Amino acid sequence: MNDKSIGFVGTGVITEAMVRGLLAGPAYATEIHVSPRSAHIAETLAAEFAAVRIAEDNQDVVARSDTVFLAIRPQIAEEVVRELSFRDGQTVVSVIAATERQALIDWIGADVRLVQAIPLPFVASRQGVTAIYPPDDTVAVLFDTLGAAVQCQSRKEYDLLAAASSMMSTYFGIMETVAGWLERSGLERAKGHAYIAPLFASLAQKASGPGAEPFSTLSREFATRGGLNEQVLSDFEKKGGIAALTGALDGVLARIEGRN
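Counted from 1, the sequence shown has number 207 at position 227 by our numbering; the numbering is strictly sequential.
Incorrect hints may have been included.
Claimed, not checked - Heads up, simulated DSSO-like pairs for lysine-lysine below, C-alpha to C-alpha not over 30 angstroms straight-line: (1) LYS136 <-> LYS171; (2) LYS186 <-> LYS136; (3) LYS171 <-> LYS186; (4) LYS219 <-> LYS186; (5) LYS186 <-> LYS218.
If you're looking for bench data, these hints aren't it; they were derived computationally from the structure.
In this text, all values refer to a predicted model and were calculated from it rather than measured experimentally.
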């Protein structure tokens, strides 16, 4: 149990996921303060968890919290953050996407302990992996509670993992492509879904955990020489799939780094 209070400026999907994860048994925090802007989410969390308090406004969140999470859309982040008064030494964790660290420091205007993080929706069930920068053992413990923290030693490492996280929609898009192909080929949609989702989940599990083999080794292991898996991988590479994917990741990284 952590006796310090935690606050969230911004009450969207990621905030809801983090609050649910932090208060899943055993609870990490005794008090969580949320801003009232997204009333439905704030009220739902307060009704479900006794530890959740709906603050009067964003400044009230900052004033009542030892650790403040900035979970705001990047389009309005500067406007929101500049209006707030932070305390020197306060821990501030920004989950604002594609925002330069120096910009955050300028907006905050106080000597805070600033950490940037990329929590994913899976933190709600304490299964998320979260990249943080710079390394911070206290913040890492919090995210370890929500699954696992990866402490980045440089901004480059952090940006690269941010780019990698952009693969989520594509992952499901590949599953949808396979499910759609199965349906067009004569298989009932529900049966295709029931087969594909556990298949992909099992593959991800195979690559996770201590002692897991490298992706390249697993790829060779599952691509039996002359087999069906080898054929699909070969076609994917020859027809530009790998080049397209690599190019897309290059483009995302350029956007994160402000190069386009």
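| field | Non-conforming hints, listed in increasing numerical order | value | 1
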